[in-house]
Amino acid sequence: MENLIQTIIVGLSVGGIYGLVALGFTIVYRSLYVINFAQGDVFMVGSFLGYVGFSLASHVPVTMFFLALAAAGLIAILTVYLVYRKIHRADHLTFAIASIGVGIIMQNIVRMISPDAKKYPDVFGDAMLNIKGIYISVQYLWVLGITIALIILLQLFFYRTKFGKAMRAVSENRDMASLLGINVPQTVYATFVISSTVGAVAGILIGPIYFFSFDMGFMTGLKAFSAAILGGIMSVPGTLVGGFILGVTENLGGVYVTSDYKDAIAFGLLIFMLMVRPTGLFGKKKS
Amino acid sequence: MGLKETGTQRILWMALGAAVILLLPLFAGYYVTHNLIFAGINVIAVLGLGLLIGFSGQVSIGHAAFYGIGAYASALLTMKGGFSFWLSLPLSGGIASVAGLLLAIPSLKVAALYLVMTTIGFSMIVWLVMLQWEAVTNGPNGIIGIPAPTLAGWALDSPAKYYYLALIMAVLAVGLMNRIVKSSIGLRLMAIFDQEEAAKAVGVNTTYFRVLAFVISSFFAGIAGSLYAHYVTFIHPENFDIWVSVIFLVMAVFGGQRSIPGITASAIILTFVTEYFRVFGNYRMIGYGAFLAVCMIYFPEGISKIQLGPIGRIFSRSGKTA
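As they're listed, the protein sequences go chains A and B. So for the first sequence, the numbering used here puts the first residue at 1; every next one is plus one. So for the second sequence, the numbering used here puts the first residue at 1001; every next one is plus one.
If you're looking for bench data, these hints aren't it; they were derived computationally from the structure. Hints are supplied without guarantee of correctness; some may be wrong.
Here are the simulated DMTMM-like cross-link-like pairs (lysine to aspartate or glutamate), alpha carbons at most 20 angstroms apart as the crow flies [claimed, not checked]:
#1 A:Lys-262 - B:Glu-1196
#2 A:Lys-86 - A:Glu-2
#3 A:Lys-262 - B:Glu-1238
#4 B:Lys-1109 - B:Glu-1238
#5 A:Lys-86 - B:Glu-1134
Listed below are several chain B residues computed to face chain A (Cβ distance under 7 angstroms; list not exhaustive) [unchecked claim]:
#6 Val-1110
#7 Tyr-1114
#8 Gly-1121
#9 Val-1253
#10 Met-1285
#11 Gly-1289
#12 Leu-1292
#13 Ala-1293
Even glycine gets a Cβ: it sits at the ideal position worked out from N, Cα and C.
Please take these sequences and the hints and turn them into a complete structure.
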């Protein structure tokens, strides 16, 4: 029983990471109707920036955390300026290929700087909590807490602030929003800055749990994409639930069935769920 | 523009092209020939994917699975089943298309991005089976010593010899795909993609044709996989991971949708781009990524829209809808 709860909590925090990376897909998709396949590498770059920050000044982790996020935001602005602003109106497959290209560039730049896997400094500490025989590393609780806090912030941003509402207006009807005086190009930048920053948060959070390596983005990106799809790719909470489901099934399958087929179990379940609900768990039926 | 004149010109260009292609291994050297074989194999797999994406609107990031199934099936059929290559080649295409059928039928209700996720999941599962089912696939060590095909006692065991096999198969694949695309199958697929309700109204069985596109597409991937296995003679799961699916997707989209010449050219160009960017050393993959992004910015509809002049006219305007 204790073991089960431990597994679920670890699964939830890993799922929270998937959910955060997946939010990057959701945020971009629901405002521009394209999939940013560089999102996995954005996550990796975020993790790398966090690693650099914490290594430079481990005594001020909070400052470094925000500096790393700012750097990730700047990189996002650069990618929009160089690539995305020119093609976000193109066919979604064209955008997909260009973003795969951007992801490859990011991955290989980091690879040149840091070819080996790196162990993160223990910014969350390595304490273990013992709650009635259930051992949980505080790292996982940090991950879960920050994930949930971030989701709440994002929901508040999209539904309560003027800028968030403007972004939603652009996703509803770009031309109408433009007529009403909303600065559409600015929201394109904002979309990628937010999605990248969220991805970077995930990258920094996962650092102390696993190692950092330049190729960590690809698989996480695919899993996050799957989580976003499972959640219906339009809703922020749905995406997070998708991430949780993926993280928990993966961990339960790994512990209780067979670790060899951990991912196969998770993906098998995802495929099954899509067969039952072909537009995701929280997706609206297409008209 | 007299029709006759361009006709003769076209024949001349075609003859010249054919001569160059046929004689290439004689002067191209080992490395180029080697890459040309991969280009040919990729053309076959990517044509299948192009049919699925461009004509039936079903995007797959899982084609490495069918490619891998073809490769493993062919290796096992020849090594454990005692089949000849010439029999296991079509059989492995068949086995891959059965896998395509198994994925397509339950995915029928799943559309667009949701289907993409299903194909990623499928690819992941197939890859894990290759990795873990050691009794059959030999796990991460892979299968070594896959025999080269023999033709009348003559083993196609060098790039120069295998080149002709890959060439013939690629040409057959292009020809076959041209036929498929122009046939009633291609027209019905496009009708379903462009106007599903209208297609249904005139009596097109949308379900049947969607599944058929998947089956044909995975058949092509399976054939390509078999050709790959018997050329490299050593396969392991890494050859068929999702990254390979992404590369196939890039090749298929890069060529431009619904353009057989475009897809063919794109598979060849991108095979060579990945190889020849090696001169950039560590910057190679950065160059590749930039190449993709820049091409998509300037040719968002794929390279088939680039005017190539006389070379472009070699190809007919097959399968292209304005």
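| Which of the stated hints cannot be reconciled with the structure, identified by number in ascending sequence? | Failing hints, ascending: 1, 2, 4 and 5.
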